[in-house]
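Combine the two chains into a complex, taking the hints into account.
The listed protein sequences correspond, in order, to chains A and B. Numbering-wise (my numbering), the first sequence opens with residue 787 and increments by one. Numbering-wise (my numbering), the second sequence opens with residue 5 and increments by one.
Hints were generated in silico from the structure; no laboratory data involved. The C-beta atom is built at its ideal place from N, Cα and C for all residues, glycine as well. Treat the hints with caution; some may be incorrect.
[Stated by the list, open to error] Here are the computed lysine to any residue pairs in the SDA-like style, where the Cα-Cα straight-line distance is at most 20 Å:
{"no.": "1", "chain 1": "B", "residue 1": "Lys39", "chain 2": "A", "residue 2": "Ala917"}
{"no.": "2", "chain 1": "B", "residue 1": "Lys39", "chain 2": "A", "residue 2": "Glu981"}
{"no.": "3", "chain 1": "B", "residue 1": "Lys39", "chain 2": "A", "residue 2": "Thr930"}
{"no.": "4", "chain 1": "B", "residue 1": "Lys190", "chain 2": "B", "residue 2": "Leu216"}
{"no.": "5", "chain 1": "B", "residue 1": "Lys39", "chain 2": "A", "residue 2": "Met877"}
{"no.": "6", "chain 1": "B", "residue 1": "Lys190", "chain 2": "B", "residue 2": "Gln274"}
{"no.": "7", "chain 1": "A", "residue 1": "Lys1035", "chain 2": "A", "residue 2": "Asn952"}
{"no.": "8", "chain 1": "A", "residue 1": "Lys987", "chain 2": "A", "residue 2": "Leu1004"}
{"no.": "9", "chain 1": "B", "residue 1": "Lys294", "chain 2": "A", "residue 2": "Leu1002"}
{"no.": "10", "chain 1": "B", "residue 1": "Lys294", "chain 2": "A", "residue 2": "Asn952"}
{"no.": "11", "chain 1": "A", "residue 1": "Lys987", "chain 2": "B", "residue 2": "Val174"}
{"no.": "12", "chain 1": "B", "residue 1": "Lys39", "chain 2": "B", "residue 2": "Leu50"}
{"no.": "13", "chain 1": "A", "residue 1": "Lys1035", "chain 2": "A", "residue 2": "Glu981"}
{"no.": "14", "chain 1": "B", "residue 1": "Lys39", "chain 2": "A", "residue 2": "Leu1002"}
{"no.": "15", "chain 1": "B", "residue 1": "Lys294", "chain 2": "A", "residue 2": "Val915"}
{"no.": "16", "chain 1": "B", "residue 1": "Lys39", "chain 2": "A", "residue 2": "Phe887"}
{"no.": "17", "chain 1": "B", "residue 1": "Lys39", "chain 2": "A", "residue 2": "Leu1004"}
{"no.": "18", "chain 1": "A", "residue 1": "Lys987", "chain 2": "B", "residue 2": "Lys294"}
[Stated by the list, open to error] These stretches of chain B come out as covered by chain A in the derived footprint (C-beta under 8 Å, 3 or more residues):
{"no.": "19", "region": "144-154"}
{"no.": "20", "region": "267-275"}
{"no.": "21", "region": "286-292"}
[As the list claims (entries may be wrong)] DEER-style ranges, computed between Cβ atoms:
{"no.": "22", "chain 1": "B", "residue 1": "Gly123", "chain 2": "A", "residue 2": "Ser891", "range": "34 to 44 Å"}
{"no.": "23", "chain 1": "B", "residue 1": "Gln274", "chain 2": "A", "residue 2": "Ala800", "range": "53 to 63 Å"}
{"no.": "24", "chain 1": "B", "residue 1": "Ile317", "chain 2": "A", "residue 2": "Arg886", "range": "24 to 34 Å"}
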Amino acid sequence: MVERTPLFDAICQAILLIGLIVALLPFAIVIIAATHDIRAVNIVPMPLMPGHDLMANLHEAWVRADLGNKLFNSILFATSVAAGKVILSAMAAFSIVYFRFPGRSLLFWAIFITLMLPLEVRIVPTYAVAANALAPFQAILNVTGITWLIQTVSGLQLSLQWGLLNSYPGLVLPLVATATGTFLYRQFFLTIPDELAEAAKMDGSGPVRFFFDMLLPLSRPNMIALFTIMFVWAWNQYLWPLLVTTDPKFGIAVTQLKLLIPSEFGLPDWNVAMAGTLIIMAPPLVVVILMQRWFVRGLISTEK
Amino acid sequence: MRAFGSRSKAASPSQSPLPQAGEGEKIRPTQLMEKRATFSSTTIGLVFIAPMLLLIFVFFYWPSGQALYWAFTLEQPWGGGNQWVGLQNFQQLLSDPVYWNSITRSLVFGLASTAIAMGVALVLALFTDRELRFHRAYRSIFVWPYAIAAPALGLAFRFILAPEAGLLSVLNSIWPNIWNPALDGKDAMIAVIVAFSWKYIGYNFIFFLSALAAIPRSLIEAAAMDGAGPARRVVDIQLPLLTPTLFFLLVINITESFQDSFGIVDIMTQGGPARATELMVYKIYFDGFKGLDYSGAAAQSIILMGLVVLLTIVQFRFIERRVHYK
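The shape of chain B in the complex, shown without the other chains (with noise of 0.2 Å):
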């Protein structure tokens, strides 16, 4: 507890609090801490923790499970209960190349989308964090694209991007037919891929900056007393302090391109065109909602969600390893 004392002030609003650096390694959620003084009455402590308890069975525990029951067992065609069927729906799942095409498009959008909205917030971070004029209106505005729903930041992207009204039509006037992401696969998944990463600029340029303005001024001043310009003190300072942020990041956007496209993906293209915009969640909800095919999609939402433990696993092995510098 009284390693605590000193964070008292992150309490207070004024202070922007730090995401990684110094603050997060004390409070892990590994080590338990204790508190002096408790209070004794079990009954009390077990009737305030009951309701989310009570919540998260219901609504986390017991599906989770469902969704392994299914995954394991095949729904008979006239009712008569569930037949245990071990890997079979996963040997049909993995031999379905509709399915690996899926993770494919997954991935490349992940990891395409994961790029552009890091790499773009870490450049707008990095200047702002030179506090040049106007720096408070960049701080305020760069963080608006994430209040938006992604269906809604989906309904004005397709028309921006619309092939024949909107912005980037202006090109079909100029050489006809280059654009189309109606029609287009690889078009359509560039357009989904602006538009996420749109959105995650404003996410990571808040984790970014809020990293940025954790590093003791005195060390940027040292480096540039001794003769460090700015890219020489970005590239031997800030980025290997920002290392804990970089991963962190990394990981959330990638688990959040699983889940939060596919507000995107339903307005903008339905899947679409020719399943070319199809990503694992989106065809969970279409194989389970649409087909009916509960344990297929049940084998689909084990594998993803083996993808996002795994993921969530290594993201922990790297906030144990924090860069410390104080």
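One chain only, chain A, in its complex shape (with noise of 0.2 Å):
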């Protein structure tokens, strides 16, 4: 504090006291509403003393939305989004920093220009994509003659089919293929002294080698804060999901808060609504308060 201004700090701590009531708000109504019958939950106003049916609303949230298998797919796939980041991206990243080979730039820049373009801009190609992962290549083989080649020489047609609709690898892939933690390393290598890289070829190492025994666990922080910041985006993805797993075996949970909207018609259950909300909310949170430090570091090191 520079100086005394107890009025206007007075002033400051109100206005701060309103955002935080403004920020936990949603929270509390969702919790409290969990805890409601359905009764009192459609009661105007709503009670804002908790009821007494939060395991039931709980249970039955649970299994109206299927959330053991879907809960499980949302970990499993945030999980591979997130460490298909970390793993891949410094992977690029050591390739550009520490390789000179020609056309290193250009690589550099088509990795670069991924940043532009989310995926939800670009959905209805990439779902096409997915259809068939290797359309790309069969349509370049088509083109360059090579398909017809094999075909007049030993009679086969070549047709390459890899359909990553309702399957891990569709949800996965097309959301790691970003450059969002390129970035990330990059900067990092960059810090790195060259003596480092220098001492270690003369020491005798290869690339390999000063790969994993020494960039890997110096970039420690910036793997920790892409995976946290990975693994909270990837978990609250929502169209892609929806889009890719038609096939309820592949569903995430996200995507089940579509079955909890309480139907025009039936039922204002609100209360399993607001039960299945917090499950489906909560991990993310959980990962966000414990690890705040490195959300944070992520989030800002990584969207610029």
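Given below as structure tokens:
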């Protein structure tokens, strides 16, 4: 604090307190509504004293939205996306920073441009690619005449097919395919003193050894930050999982929220809807609260 | 490489990284920094970058190219491949009042929610930065909303703002039918704006606070010595030094309002009532996957891509002219 301004400080505190209430109110409403029975939750205004039906509502939401299976899928999905990002971007950044091969800056830009267009914007064609992930290669082979060549030589009709709809790779891979993490690593690698690589080379270490034994251990803080932010981001994805997983076997938790909306002419069981919301929003919230330092750090250093 | 010597501390998590000021302008993607010590094996270098390249080729470049192709062609109803139609898809789109409607809605939504989310976050960050009592609690709690999935908070707000239950229904019991997002388009728009802004207050707060923390304390103290009160310091020191963060957040908020709004709209209003909340991404989804009009959806995607790219270019122009004060 720079000077004593008791009146102004009081105003600040009052406004911050209002902010706090606004920030916490939705959480409070969700939690309180989840404890009521269906009669209490529909009273206007909703009673703010918690009811006694929390466990029953949680159980009902769990069964209705098949959350056991869906939460498992969500955890698997978010962890795979985060791990994929952490690993692939470290490798790509290593290649960009520590090697000099022709066309390197072109590759750098090719990766960089992916930051511009989020998945939501190019959703329709990405979906078409997911239906057959090998379609791009098939098209290239067709255009270059290799398909024709193989067919005339061996009589085999070449058709590449790898459908990703309703599969874990289909959920995960398109979300890994952006540059977000690559730049975090790149910036970090650039801060590592040259002497380290020189010393490693002098001691006879090759690039692979240097990457695994020096760079990766040094980038641990970055990896944790990136993992945290990517886990939360992936958990909260909605549009892509909604499209790709029509088979309930592969569905994730967040897309199940739609099932929990009380139908217009059915029972207004908001208590169950809020209990479901509570379960589904809890994991990323817990991650953010426990890993706040990493989360904030990851957010600020990845998104610029 | 020498320039980075002073930045090595930023790798430790205890120090809050500075998003805009000082740090960023040294490492600009436009300038490729060179390492003195590099490895010569091109093969290993390519092996390391290959998985990433393969992924972005299949899931980024190919689809983007495909979108372009579809936007200028029309699928024949009985098969037989796509036929080149030039700008016809775009002409059709741009002469469609429903499409213009969705652009207007998106802009209203984007600008309103950006203004609210950034304004509130800025005030909260400025006050939290004064380090009064409980500022640690404020600092962590204001971040929480950003952790919530858009559809989850959409469902929460659908209940809170429901006309017959929840909180705002109180209004209806005093003045009947004053608030009904299920029937009144304006109310529905307000509801989605409130839900989206609530989430992004947390996001903007993180960036404002860390930019404020980057302003040297001595500057504030010197101003106070010269008799500048808190308000004067905000206007003359903190806001000017925050300009890069302001521009950055402005662009990010508008871009996010195009994409992250999908979950909120889909859960809260499904584009209704009467298309009142049909934002651009929602319309692409609806036309492409419900209406199966790939060419129309692709043309819409291209226009949206253009918008986003334009915004990004604007952002980079401002990043180039970052404010320096060190």
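Item to check | Violated hints - listed by number, lowest first | outcome: Violated hints: 1, 3, 4, 9, 11, 13, 18 and 23; rest satisfied.
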